[in-house]
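Chain residues, written in single-letter form:
Number of protein chains: 2
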Amino acid sequence: MPETQMPTPRTRVIREPHRGVYDRETVHRILDEGFLCHIGFIVDGQPFVIPTSYGRKDANLYIHGSSASRMLRNLKDSVPMCVTVTLLDGLVLARSVFNHSMNYRSVVILGKATLVEDPREKLEALHTLSEHILPGRWNDARQPNERELKQTSVLRLPIEEFSAKVRTGPPIDDEEDYSLPTWAGVVPLELKAGEPIDDSKLDPPREVPVYIRDYTRHA
Amino acid sequence: MPETQMPTPRTRVIREPHRGVYDRETVHRILDEGFLCHIGFIVDGQPFVIPTSYGRKDANLYIHGSSASRMLRNLKDSVPMCVTVTLLDGLVLARSVFNHSMNYRSVVILGKATLVEDPREKLEALHTLSEHILPGRWNDARQPNERELKQTSVLRLPIEEFSAKVRTGPPIDDEEDYSLPTWAGVVPLELKAGEPIDDSKLDPPREVPVYIRDYTRHA
Chain A
7 MPETQMPTPR TRVIREPHRG VYDRETVHRI LDEGFLCHIG FIVDGQPFVI PTSYGRKDAN
67 LYIHGSSASR MLRNLKDSVP MCVTVTLLDG LVLARSVFNH SMNYRSVVIL GKATLVEDPR
127 EKLEALHTLS EHILPGRWND ARQPNERELK QTSVLRLPIE EFSAKVRTGP PIDDEEDYSL
187 PTWAGVVPLE LKAGEPIDDS KLDPPREVPV YIRDYTRHA
Chain B
7 MPETQMPTPR TRVIREPHRG VYDRETVHRI LDEGFLCHIG FIVDGQPFVI PTSYGRKDAN
67 LYIHGSSASR MLRNLKDSVP MCVTVTLLDG LVLARSVFNH SMNYRSVVIL GKATLVEDPR
127 EKLEALHTLS EHILPGRWND ARQPNERELK QTSVLRLPIE EFSAKVRTGP PIDDEEDYSL
187 PTWAGVVPLE LKAGEPIDDS KLDPPREVPV YIRDYTRHA
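Protein sequence lines correspond, in order, to chains A and B.
Heads up, the working numbering is the position in the first sequence plus 6, with the first residue counted as 1.
Heads up, the working numbering is the position in the second sequence plus 6, with the first residue counted as 1.
Hints were generated in silico from the structure; no laboratory data involved.
Certain hints may be false.
Identical copies look the same in the list; a pair holds intra-copy or inter-copy alike.
What the hints assert, rightly or not - Taking lysine to aspartate or glutamate pairs in the EDC-like style, the calculated list, with each CA pair at most 20 Å apart, reads: (1) Lys-171 x Asp-38; (2) Lys-198 x Asp-220; (3) Lys-63 x Glu-137; (4) Lys-128 x Asp-179; (5) Lys-171 x Glu-127; (6) Lys-198 x Glu-182; (7) Lys-63 x Glu-22; (8) Lys-118 x Glu-182; (9) Lys-156 x Asp-183; (10) Lys-198 x Asp-183; (11) Lys-207 x Asp-183; (12) Lys-118 x Asp-180; (13) Lys-82 x Asp-204; (14) Lys-156 x Asp-83; (15) Lys-207 x Asp-180.
Isolated chain A (complex conformation) (with noise of 0.2 Å):
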């Protein structure tokens, strides 16, 4: 059985209610696509969206930076943040221009973050950011030292508040609309990869790992 969260007001999908998504499993998958999240803090009565990549262990969302980064400084005093995570799926092309729309998945979760203290945990969640964006590269790369572990910042947010929003499919058109001669539709869109671009500092040249060769990825 899939775990249903009740939304809370707060996290309560509004407007369309039909798109509100509740169940953790959803929510999770949506969070694996992905790796590039907004995250919203308040500052002097100020609200900053900041993009940064993520890792998701279990229940709990990770987010690294420098130990000197004014959001990290910020968030591990466990103020309230919201992390926001959008999957852009497609262009909707109505009829009309008011019935456009776009297809896509989102994710949003409301909480507060802790400074993640544990030696082992931080590692365990490094690792985990590392393979959430690009499985095969931890074992491949070298691996943080001590002094660079101490120069980054790690925190944690459990996923106990949180919503999602989903709209897949066509156009829904007005009925008096749909014997305009404009033609209607979907455009999907895709995050791709590229060829990779080998640093110019490879000496000797080496081959792209298959790893990377075969990365397909949404953001």
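Chain A is fixed; fit chain B onto it per the hints.
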């Protein structure tokens, strides 16, 4: 001469300051290449981050939505907001996990929005939004009628307090890591449009217009 905005303490890029960009021309170029933004606002002390589309005209950003939308009802009261646009350009794979990065261009705009009341500006803003996402669509589709205009709210955010952050180029490794046998370089990422999907209710079938077939875009 490009106008260069002095960063305020709130928009100055602190971490990796050499990535901070404050000239309006660069910022407008980034805004014009994307069409998806993440909007941050505060309700009862809780930050929310919601994805939506936008359009730019001169030094104003326009967003729109249902007049019933929680976000728009909140924002029209001239509360502090943040609009962030992120273009993800690639994964930067260094020889050490620590030096991994991403190539990206992001813009952060702080300010307060105003509800567009003037009918001509409102229609122009909707035209801007539509053409921003898919040039050519506005004239090919049925344009908004009075009822639809009433159901739509448009907000104007002046692009006044802003900054951009840009990373480009290859990985930068620690000197002693360059001899490691790890492939390093950049995996370019790009939002690509797939084959347009006809609405099954197209009757008779219609050709996909050229402005859709040739669509390539960043989001």
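Item to check | Intra/inter-copy verdict for Lys-118 and Glu-182 if alpha-carbon distance must be at most 20 Å | outcome: neither (49 Å within a copy, 39 Å between copies)
Checklist entry - Given identical chains, is Lys-156 near Asp-183, meaning Cα to Cα at most 20 Å, within a copy, between copies, both, or neither? => result between (61 Å within a copy, 19 Å between copies)
Checklist entry - How do Lys-207 and Asp-183 come out at 20 Å by Cα distance, when the copy is not named: within, between, both, or neither? => result Classified as between; 11 Å across copies, 59 Å inside a copy.
Item to check | 20 Å Cα threshold - placement of Asp-179 relative to Lys-128 | outcome: Cα proximity of Lys-128 and Asp-179: none, with 50 Å in one copy and 22 Å across.
Checklist entry - When no copy is specified for Lys-171 and Glu-127, does a C-alpha distance of 20 Å or less occur within a copy, between copies, both, or neither? => result neither (31 Å within a copy, 30 Å between copies)
Item to check | Status of Glu-182 relative to Lys-198 across identical chains (alpha carbons, at most 20 Å) | outcome: Neither: 38 Å inside a chain and 33 Å across chains, both beyond 20 Å.
Next on the checklist: Within a copy, between copies, both or neither: which one fits Lys-198 and Asp-183 at a CA-CA cutoff of 20 Å?
Outcome noted: The answer is neither: 34 Å in one copy and 29 Å across copies each exceed 20 Å.
Checklist entry - How do Lys-63 and Glu-137 come out at 20 Å by Cα distance, when the copy is not named: within, between, both, or neither? => result within (11 Å within a copy, 41 Å between copies)
Checklist entry - When no copy is named, should Lys-198 and Asp-220 be tagged within, between, both, or neither for a Cα gap of at most 20 Å? => result both (11 Å within a copy, 17 Å between copies)
Checklist entry - At most 20 Å between C-alpha atoms: does Lys-63 with Glu-22 qualify within a copy, between copies, both, or neither? => result neither (30 Å within a copy, 28 Å between copies)
Item to check | Intra- versus inter-copy proximity for Asp-180 and Lys-207 (alpha-carbon distance at most 20 Å) | outcome: This pair counts as between: shortest inter-copy Cα distance 12 Å, intra-copy 58 Å.
Next on the checklist: My question is about Lys-171 and Asp-38: at a cut-off of 20 Å on alpha-carbon distance, are they close within one copy, between copies, both, or neither?
Outcome noted: For Lys-171 and Asp-38, the Cα distance is within 20 Å only inside one copy (15 Å; across copies 26 Å).
Violated hints, listed in ascending order, are 4, 5, 6, 7, 8, 10, 12, 13; each of the other numbered hints is respected by the structure.
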